[in-house]
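Engineer: Here is how the chains run, residue by residue.
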Amino acid sequence: MTAMQKLLQLPVNAVNIVKTVQGVAQGQEEARSPVLTPDSGQQNWYSAVQPEELRHLRTASTTGGGGGEGGGEWGEDRGTLEEGLSSAQTQPLRHDDLKEMLDSNKDSLKLEAMKRIVAMIARGKNASDLFPAVVKNVACKNIEVKKLVYVYLVRYAEEQQDLALLSISTFQRGLKDPNQLIRASALRVLSSIRVTIIVPIMMLAIKEAASDMSPYVRKTAAHAIPKLYSLDPEQKDQLIEVIEKLLADKTTLVAGSVVMAFEEVCPERIDLIHKNYRKLCNLLIDVEEWGQVVIINMLTRYARTQFLNPNINESLLEEGGEKAFYGSDDDDDDDDDDDDEEKKAEAAALAKRKPYVMDPDHRLLLRNTKPLLQSRNAAVVMAVAQLYFHLAPKAEVGVIAKALVRLMRSHSEVQYVVLQNVATMTIKRRGMFEPYLKSFYIRSTDPTQIKILKLEVLTNLANETNISTILREFQTYIKSMDKDFVAATIQAIGRCATNIGEVRDTCLNGLVQLLSNRDELVVAESVVVIKKLLQMQPEQHSDIIKHMAKLTDNIQVPMARASILWLIGEYCEHVPKIAPDVLRKMAKTFTNEEDIVKLQIINLAAKLYLTNSKQTKLLTQYVLNLAKYDQNYDIRDRARFIRQLIVPTDKSGALSKYAKKLFLALKPAPVLESPFKDRDHFQLGSLSHLLNAKAGGYQELPDWPESAPDPSVRNVEVKDSVPEWTKCTSRKERKEKKVEKPFYSDSEGESGPTESADSESDSGSGSQSGSEESGSGSESEESEEESESEEEEEEEEDEEEERAKKKKKVDKSKPKKPESAESDQSSGEEQKRIRKGGKDRRSGTESESEDESESESSESESESEEESESDTDIKKKKKTAASKPPPKQTKKESKKETKEMSLLDLDDFEPTPSPQVTPVNSFLSNSLVTDLEGLSLTDTVLAPTTIAPSSSVRLYELLHRITGEGLAVEYCFSRQPFSPDPHMVAVQIQFTNNTTSEAKSLHIEEPKLQSGMRIKEFPEIEVLPAGESVNVVMGIDFCDSTQAANFQLCTHIRKFFVSIQPPVGELMTPAFLTENEFKKEQETLLHGQLMGMNEISEKLTLGEKCQSEHVIVERVTSTANLSRVPCGSDKESRFAGKTVSSGSLVLVTVTRKDGAGALLTVNCEKMVIGTMLVKDILQALTQ
Amino acid sequence: MIHSLFLINNAGDIFLEKHWKSVISRSVCDYFFEAQDKAGEPDNVSPVIRTPHHYLINIYREKIFFVSVIQTEVPPLFVIEFLHRVAEMFQDYFGECSEVAIKDNVVIVYELLEEMLDNGFPLATESNILKELIKPPTILRSMVNTITGSSNVGETLPTGQLSTIPWRRAGVKYTNNEAYFDVVEEIDAILDKSGTTVFAEIQGVIDACVKLSGMPDLTLSFMNPRLLDDVSFHPCVRFKRWESERVLSFIPPDGNFRLMSYHVNAQNLVAIPVYVRQNINFFETGSSGRVDITVGPKQTMGKTVENVIVTIHMPKVVLSANLTATQGTYTYDPVTKILVWDIGKLNQQKLPNLKGSLSLQSGAPKPEENPSLNIDLKIQQLAISGLKVNRLDMYVEKYKPFKGVKYVTKAGKFQVLTVPSHV
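Here the protein sequences line up with chains P and Z, keeping their order.
If you count the first sequence from 1, position 303 lands on 302 in numbering that gives the first Met the number 0, and the numbers rise without skipping.
If you count the second sequence from 1, position 72 lands on 71 in numbering that gives the first Met the number 0, and the numbers rise without skipping.
The hints are simulated quantities; they were obtained by calculation from the structure and are not laboratory data.
C-beta atoms are modelled at their ideal positions from N, C-alpha and C, and glycine is treated no differently.
There may be inaccurate statements among the hints.
Result set (DSBU-like, lysine-lysine): computed pairs, CA atoms no more than 30 Å apart in a straight line [stated by the list, open to error]: (1) P:K478 - Z:K37; (2) P:K274 - P:K135; (3) P:K1007 - Z:K210.
Calculated from the model, a selection of chain P residues having no Cβ within reach of chain Z, i.e. all distances over 10 Å [said to hold, decoys possible]: (4) R122; (5) P131; (6) E207; (7) D211; (8) E233; (9) A382; (10) H410; (11) V416; (12) T551; (13) D552; (14) F640; (15) E1016; (16) I1059.
Stretches of chain P that chain Z covers, calculated by requiring three or more beta carbons in the stretch to come under 8 Å of a beta carbon on chain Z [stated by the list, open to error]: (17) 286-297; (18) 446-455.
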């Protein structure tokens, strides 16, 4: 035992020493992998002898495993040697010791054995011979033993496939365990065992787990998919099915893992993403960080295939502008523009026809990824950064710069990767990082590789304005002790000089000064760079060339010597006296030069021969002769070739005539380019980008499509909300596409004229068919628009779905109208229409906007439903209904009443032939309710389910479907007394589950209230099935203030912060007074405690439509929950109410004067309430 | 994704290997050793090394190379970030991330690695979850384990993995409920010879040690949140609330964690707490040089500057230093050519000074480069940016926690150039 411990603690070195002692062959085998090459020969030999002996020797109760044991003993006898000193005799027994421990009944012994085995594995030692003994313990009760056995199994199962099968049944049992964690862990190990024979079992297990109830098990299933795929790629098709299924999963736990599986198994099946795209975007922020990285990278690729390039138009504009003003100076940006200019021109034509409008899904992705720039995980930040770089409009890319600069303060490895990517980005989008220039300044403590990358970034960022700062910074770098870095700095200066014309001379002078530097490397690098610079304008710099000619005496660095020689040869005319002398010196040392220098000497000789043959003929011949016998064949070839060219002989052909032209042709100046140029065709942040070479499994980032693929593929059908009559699908899809646009363009603040033209013709045809087929056609059309507005619109009124179709339609059209401006416009339209008359209205509307056509279809429908009414009537009515702003306080007791009302009051009523008796707060029914209240007010009224909100009660959004991850919550003030506590305002809340899975345990948590405020929570909703809605009522005591009540809305998985802020009018309940009482109260209030302080009077001019008493009454009661007080005068309307919380009286009087003038008087103890109420009523009446 | 992991010490021994997919021979590390030889300094080993069949992505931490083997495309940062998490987890578990600690706890290390990756894809990387699965070793526990044979594997199942707040384990109970927050700021600066600031910025982090029972929901607000320019958060922080109200609202992980890192708005001028007067000269003749350095406090907001250390990388030709320090001690390592002057507390009245001569290799030319000074310092009870925590509120739980905030300012990469100003 002690010996064994000693052995385990032996340093790794020991193994190595032993290794050398052993035979060479064995040593080599070890160096590869002991595990991959089990030495079967020896195994047999050992198993033949050892086990027998052992049993006799030890008299231990060793159990079975005789056949299997004794494998791989050659790894063992190394152990023998190591321990040789301590106890040579027992050595071969070491593993048997472990086996014995594993076979014992004590968990502690087993555990000890397993720990040692795992320690062996960790050190890379072979423990495969213990397999049979270990595998028996797979069903061990002790969790740690079990876990370690799993570790062992996963490691060695591949080599001992047959034995590994023994364990399978244990895992299969585990898969059925009621505990989700055990199911998951069984699947995890089962799928990690790389044994081909169990592929069908794995497949089955994965499929089953994919539909497991527990999201954690489903996550494990997602993890298992790539494992199975790598084991048997034949299973791909089946696995794709599972992936498809799991992609539809709505939990954050699964999302990251399944996308990872998708990327490994079928990254080309981008079509699987369509339906899940929006969900993934919305879940993203809650997915764990590693999953986020995978999802963002995948979505980048997806977006490249599905959306249009957001920069089409911008790059066009820019290109034109830059060309005109800067010419070729701005090489970085323009170069690539040049390349695909043709393509751009095409795009330009395209763009002119159709202004670019960003797909809202594209926007959704950008919006939802942006917060992740704040992640602590560098990989997530990088993923978002590359997404923005590849997908965002140019103006928005800037946001990533700050986050990337932040990453530079992280570990040096992170810096290294980030700088590589920043270097690529700075080439395309320099402006983005310019404000952060100083963050790329180099510190003496930076590792060299980081310094060089920073230098690259600084060079890319250099422009006319900041170059002087950068050059001064570079000057300090040149003094660094790190010579590689200094060389890189000199190169960088050279690049700045070529890129920015203004500083070329400055740089050149600076570099020339460096020529006198003591460090040869610095000088050499400078020479090379100067050579490149001089090539641009040699005439002006003959003195520099002379200076450099002198350097040949001192500089030994071959590259530098070669550069100088080339320069002198090229510009020998500028230095006619020095050049031959240099050649003379070089001829002397020719044999000792490096090859590149020799080649340049030959070049120099040839050029001089051509320009100044008198002085250099002999020298040239001498050099060529030396070269002829050089060891290097390149040099011999070159010499032969040049001799033929420049020395005219009989044999030499026509070419020698042109020798001068050949040698002394003007050479284009080299372009000093960033090594990061054009690297952005690799997806940034990827391994391939970093290596600038395609890594295995890299998925190309596709080019933007010329025209956007059908965006409707991402629409998710919400089955329940689309009634059966929408099943004329083919037309639906076509329509959806076209009609969608105007919605989007709204949100983008643009609306293309072409688009509305599209939708026009469409709806035109729709309504025509509608008129012929008596309504059914136009109805279906209507529903299409509905279902789509559900998807796209920010507002939803889902509860309407269960109601009469008709009503729904009207409601749906509401949110499309922005409140005031639109209604004006449409009322104008209305008048126009009346003038035109009923007959030709169809043709008339053809030229009108989309809004009209929609309301038109509602017209045609209403026609079919209410045939009895005259055309004009309906039309008028319907128009107003559709074009009214949403808030409506009208409620009807019955269909009949509705009709009456609409006849009376054409302006303000939408016909609502709802058969339901809706609870009540219209001005008419108030008294009725009061009566009922007195008689039979029971709890039933308050039971949440019985209160169905009428469509005309104003709905407020509590939680939007998008932020609520499919859970939409709206609320309204039902104006019912809240029975559990009369001091509370009843708030009716409607939950709609738009997801496809159940929402569970909806309840309220952690209210954060102003002091005094109270909440009576609604009873927890246990289950809300997919696609369904439910209404509940909660009470809030707002303390007669309009402060918002904040609380958390919780589901079983998520919490949402929400708040309800009541309009002042909802803080009261009707009070029922007689005329006399009213007057009395008014006086008390006036002359009582506060002496007039609390009467607020305001003169007003009634709005055009509010001239009649009816309307006034309706407007006031819809604004505030008051009841009307009977009144003798028809010029006066009186209303009374009490605040809910404190019961203070609120009295409102509206007195009409001549014409449109009126006087509004509010009496209330509470100043604030009074003032606010006056404001609200004024607004309602003057509209 | 991540295929295998090898841990290699400075001597080039592979002391741990772990494979998540099929086994890859450790000979693959030869490519790494090759790159290491070429790079010289460990810092200069390229984080990504290409071999014919694999890619090696490595990090260097605490004198250990973490070399991971990759076979297919994967974002390099993904792997690098993960490897750092592994190192941090070791630190968290064993108190230090060293070869000895890893070797001593090899079984726990193996169990951890097993849980952190599944098939090469990260599975559980939250410390809270892992600690539920695998208990960190303590002296007491290891003693108990040896006596009773019980294990360090958690008996409970890792319910944390199932929850929507995976960073917090369930059922936390403390008798003393306490929450401590350390606001640690670092000044990164480059000063030139005359003391002018070439570049300065402040990075800060808020490290938290939260030991609260149950599921507390905390809200931390600042007096002056506008100071913060760029922030990054622990996943527990609700980003929406930060955006709208500039408060940190979060359900904290249990124990130690980094709540946020921030960068202070660049527009605010950075107060530089010390000034340095220095003169380092090398003479053309006589193979000698002179050093004269004085350090004094500058904008310290009335706090004492402590732990001041000046480090100078001398040119290669400097053989030895013969100096006198009026305060603190100095050492010169002739091998690494590093001069370290440990000053300690800065005294306003008597400014510490280091003065004396350097002897150079005879015959060698005068060194051209001028070494720069790296300064280390610490100021307690001060956040140099002026950031102040306003209050910490706790919701959901009823008890009253003990709350504490500590401020510390340190020097980050604080460099003083010995060449004249160029700005």
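Engineer: What are the numbers of the hints the structure violates, in ascending order?
Structural biologist: 2, 4, 9, 10 and 11
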